[in-house]
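Which chain is which? The protein sequence lines are A and B, in order.
Everything in the first sequence is counted per this note's numbering, starting at 3 for the first residue and increasing by one.
Everything in the second sequence is counted per this note's numbering, starting at -18 for the first residue and increasing by one.
No lab work stands behind these hints: they were computed from the structure.
Predicted model, so just to flag it, every value in this text is computed and none were measured.
One or more hints might be untrue.
[Stated by the list, open to error] For each label pair, taking beta carbons as the anchor points, the in silico distance ranges come out as: (1) B:Ser37 - A:Leu132: 55 to 61 Å; (2) B:Cys27 - A:Ala36: 42 to 48 Å; (3) A:Ala43 - B:Arg125: 27 to 33 Å; (4) A:Pro156 - B:Ala34: 32 to 38 Å; (5) B:Gln144 - A:Asp145: 37 to 43 Å.
We put the beta carbon where it would ideally sit given N, CA and C, even for glycine.
Listed below are the residues making up each chain.
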Amino acid sequence: MADDIFERLQAALGPGAASSSVAHGIAVFEIAPAALTGFVARLKGEFGFDLFLDVTAVDWLPQAPRFEVVWHFYSTTHKVRVRLKVRVPESDATVDSLVAHYGSARFMERECHEMYGIDFRGNDDLRPILLYEGFEGHPLRKDYDKEHEQPLVPYRT
Amino acid sequence: MKAATIPIQAVGEKSGAFEYITTKKDELIGWARKFSLFPYPFVTACCAMEFMAVSSSPYDTDRFGAALPRFSPRQADLMMIVGTISHKQAPVLRRVYDQMCEPKWVMAFGACATSGGFYQNYAAVAGVDKIIPVDIYVPGCPPRPEMVIDGIMRLQELIARSQHPIATKEF
């Protein structure tokens, strides 16, 4: 069942991706940033991947391009997951937003934006969601000092 | 009929015995205050489970007069900080502490509240005593109920030993 849908996915979407594989029971596609929205539209429309699970990023410092944005989708009909990966450079850490396809992407893109500094083109509300107003920097980047704190209340002396 | 040595209610003429006691003001007020600790639970994380265990019937903190949580800081004497405090939460904690009436005490419950625990990052305050004064620290991840009871008893000793001014300089 799962192998069947993976073979159909690779036959249909493999040519549009830089690489495709199956890792730990998840179909993995690495694609170019420009191909993202078209790829996701086909995943959702043709193959029934109707649940947006998560979007996060990996900081591969000092590699270039530095960031890898990772999406996970789930199909409630096929009961399988798909992972998409897009590499973006630090100078232009921007990918397209998926809010038009999945409404739940709005909050997860906000979290990814504040933690890694990835910009989501098309998401009009990228305010901090877990961090607070006035927090400087992106704490899950590898060059953020792990002991650097930004307290809101002055410490007692 | 055998006469009672200490009559439960006065009959006839008052004898004068056991009508007056003398004590020190600080001892009397301290004795009263140490048995009426109304805790305000500032519960943020997994230590809450242990707080529920310690405040329910098997361990029964009501024995120490410290069982009835008040969910308004204005009615509370003891602030129990149960769990990790993040930098985003710190202004709320400070404001709740400022709203509590004197006299007030603070217990840091668990490793995260006492020192930040294993958190040393952008998000967590490494010990609530950086923000508000703490009277008693209960370590553990989470602390056993016995440790919390020990903490309450040590706090009671602290209250019994301290001075209790009726009017302060700011009064």
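- Which hints, by number, does the structure contradict? 1, 3 and 5
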